[in-house]
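Colleague: Chain by chain, the residues:
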Amino acid sequence: MSGPVGLGPDYMQPFFDFVNWVCKPQILFSGSVVTFFGALKFRKILVKPPVTIGIVIAMLVFFFISLLSPQFYNEARKADNAPIFIMIVLTGLVIWAAFYQAVNNDERFRQGLRSDEHEAAEEKLHVWPYLIYIEAIVAAFVLAAIFAWSIGLEAPLEQFANPAKSPNPAKAPWYFLGLQEMLVYYDPWIAGVLLPGMIISGLIALPYCDPNPKGVGYFTFEQRRFAISVFLFGFLILWVLLIFVGTFLRGPNWNFFGLYEPWNEHKLLSLNNVNLSEYFWTNLLGKAPPAEWWKREWPGFALILGYFTVMPALATVAFKKFYQQLGFVRFSVVIMHLLVMLSLPIKMYLRWSINLKYIVFIPDYFFNI
Amino acid sequence: MSAVGDQVRKILDESVYQSVIWKSVFRHGFPDTDRNRTLVVLSNLFLHLHPAKLKGHAVRMRYTWCMGGLSFFMFLILTISGVFLMFYYRPTPEYAYVDIVALREDVPLGMFMRNVHRWGAHAMVLIVWLHMLRVFMTGSYKAPREFNWAVGVILLKLTLLLSFTGYLLPWDQLAIWAITVGTNMARATPFLGHEGPGASLIGYDDFKVVHSKSDIRFALLGGSIVGPSALLRFYVLHCVFLPLVAGFLMAVHFWRIRKDGFSAPL
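Sequences listed follow chains A and B, in order. For the first sequence, counting from 1, position 292 maps to 291 in numbering that gives the first Met the number 0; every step adds exactly one. For the second sequence, counting from 1, position 42 maps to 41 in numbering that gives the first Met the number 0; every step adds exactly one.
To be clear, the hints were calculated from the coordinates, so they are not data collected in a lab. Among the hints, a few may not be true.
Unchecked claim - 30 angstroms max Cα-Cα, derived DSS-like pairs, lysine-lysine:
| # | chain 1 | residue 1 | chain 2 | residue 2 |
| --- | --- | --- | --- | --- |
| 1 | A | 356 | A | 294 |
| 2 | B | 207 | A | 77 |
| 3 | B | 212 | A | 170 |
| 4 | B | 207 | A | 294 |
| 5 | A | 123 | B | 52 |
| 6 | B | 52 | A | 213 |
| 7 | B | 212 | A | 164 |
| 8 | A | 123 | B | 22 |
| 9 | A | 213 | B | 156 |
| 10 | A | 123 | B | 258 |
| 11 | A | 170 | B | 156 |
| 12 | A | 213 | B | 258 |
| 13 | A | 213 | A | 294 |
Quantities reported herein were computed from a predicted structural model and do not represent experimental measurements.
Input sequences plus hints: build the corresponding full structure.
Modeller: As structure tokens, then:
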């Protein structure tokens with residue numbers, strides 16, 4: 000990677016270099032996963048207001064230092080990227096609010112008390128005025144915020160549509176950038192059709208597959224560790240983080256760039272991605288891969304088949320109680336969705352570590368996995 | 000209350016709240032008694048989306064974050080600003096872009112209304128996500144509210160589709176290329192897209208049922224590229240079809256909240 004161009008003093012250069020290094024996909028993703036589970040583990044410390052305020056200040060400092068980089072400054076001032084910052088701020092705020100109350104309630108349960116919500120629910124309040132007033136005031140504030148945003152920031156209008164001149168990079172709307180990021184690792188029939196479909200089906204299946212009767216009507220973490228961890232992993236890591244990556248770290252030719260690295264259209268990356276069949280036949284057995292796909296691709300098929308049969312079978316043993324609670328059908332739905340969800344990070348790491356392109360490669364039928 | 004306040008209240012009571020016109024519109028007295036506070040909610044079409052009384056926790060902002068109500072509020076803002084934009088916009092490639100330019104430069108408040116619509120749409124996507132996040136975090140999707148959660152998931156999807164179809168309408172470079180990137184995925188739909196797995200199996204020898212002029216992407220765009228038919232289709236979907244479906248599902252969603260009851264600790 001070429002060095003970043005920063006306006007800051009020379010002694011800041013090591014910092015810029017470090018951030019660019021952290022933004023390498025494998026380091027950023029691994030770091031985020033570790034941070035995510037670390038944050039769940041140390042939630043009691045993190046939700047303490049002084050700690051939270053410290054984190055917010057650190058993020059603000061990081062943001063303003065980042066503005067010294069012309070590359071980040073350019074991206075940050077694009078009007079269409081405003082939702083990304085609002086997303087980060089609002090998501091952080093509501094996650095903090097949820098965990099602050101969850102930690103508080105979990106502590107109350109340990110002391111043998113009822114949840115804070117339960118105490119409050121004892122009293123019945125008239126919707127007029129107690130709720131209507133809150134709604135009216137919040138609606139007024141939100142309307143004012145939208146108006147202020149609309150007065151202060153002009154919605155961009157680019158050049159007249161030209162089908163012959165594609166921008167580089169051509170990006171989907173910001174809320175679909177997670178899907179566009181998945182396209183790097185999977186073909187469109189998986190990244191653009193199967194995975195979004197399974198996000199929807201998984202969300203719809205969620206209430207029918209969550210056998211835990213606890214945790215209705217109050218914030219908690221300890222009573223719903225598994226459900227909350229999985230859901231937030233999907234939402235924060237596989238959705239919000241990928242949107243951030245797609246916005247700030249994907250430049251021309253959909254190449255990966257450090258946060259401060261200038262978007263050079265001529266950046267060349269040696270792409271020597273290799274299919275699994277090639278690894279198996281050429282590297283392992285030392286002969287040419289067979290031409291017929293049903294002979295060539297059987298290792299890949301075996302791997303996929305194994306993943307979706309052996310793993311669920313192991314899961315029935317490892318999570319025996321969960322399996323008995325749910326029954327075969329619902330357990331299968333849960334495991335299949337979890338395995339598909341995990342297949343994204345798995346493919347990411349296979350790409351980053353051994354340059355794996357396709358596990359199954361049958362271009363004649365557009366069947367590439 | 001001060002003496003002046005009492006005096007004002009007395010005048011209002013006598014000349015406004017007791018007047019024939021007031022009483023023909025509002026079927027209740029001043030809402031300072033339990034009875035009248037209940038009647039305010041029950042006798043008003045819009046307010047009766049609420050129950051008359053709620054448990055204390057459900058009223059608190061830190062429980063709901065107001066996100067569900069705000070999702071609906073954003074839908075209303077976008078409907079109003081969207082109707083305004085429709086007066087000035089024609090969904091054909093010859094006019095679409097110049098109409099937006101004229102809207103920005105010549106129409107009083109045109110730029111402002113366009114900005115409200117654009118930023119409001121982004122805000123609505125975020126608010127609907129955060130609404131789902133809150134409902135998840137308080138376990139409100141669990142029985143008996145499973146079905147309403149499913150309706151909510153469809154509404155989330157509709158929100159994204161509404162935003163996505165609106166993306167094309169300015170007919171600028173950002174619009175057609177974002178939609179091109181987005182709809183290109185449709186050609187890879189298994190069996191239904193011409194570059195999707197299995198599509199080549201439907202047919203006989205050289206006769207293919209699913210090809211680039213008959214697949215699901217073609218149906219979505221009304222052509223094989225993002226062109227005039229795509230603009231018209233996205234316009235109709237954006238302004239008529241999707242809002243109607245969303246409105247219908249919102250009615251179901253709100254009604255079911257009342258029927259299933261607001262989530263509360265047992």
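Colleague: Determine for every hint whether it applies to the structure shown.
Modeller: Outcome of the hint check:
1. A:356 x A:294: holds (19 angstroms)
2. B:207 x A:77: Status violated; Cα separation ~45 angstroms.
3. B:212 x A:170: holds (25 angstroms)
4. B:207 x A:294: Holds. Residue 207 of chain B to residue 294 of chain A sits at ~26 angstroms (cutoff 30 angstroms).
5. A:123 x B:52: holds (6 angstroms)
6. B:52 x A:213: Distance of about 25 angstroms is within 30 angstroms: holds.
7. B:212 x A:164: Given pair residue 212 of chain B, residue 164 of chain A holds - Cα atoms ~23 angstroms apart, limit 30 angstroms.
8. A:123 x B:22: holds (29 angstroms)
9. A:213 x B:156: With Cα atoms ~28 angstroms apart, residue 213 of chain A and residue 156 of chain B stay inside 30 angstroms; holds.
10. A:123 x B:258: It holds: about 18 angstroms lies between the C-alpha atoms, which stays within 30 angstroms.
11. A:170 x B:156: Between residue 170 of chain A and residue 156 of chain B the Cα gap is close to 20 angstroms, so the pair holds against 30 angstroms.
12. A:213 x B:258: holds (21 angstroms)
13. A:213 x A:294: At roughly 51 angstroms apart (the allowed maximum being 30 angstroms), residue 294 of chain A and residue 213 of chain A break the hint.
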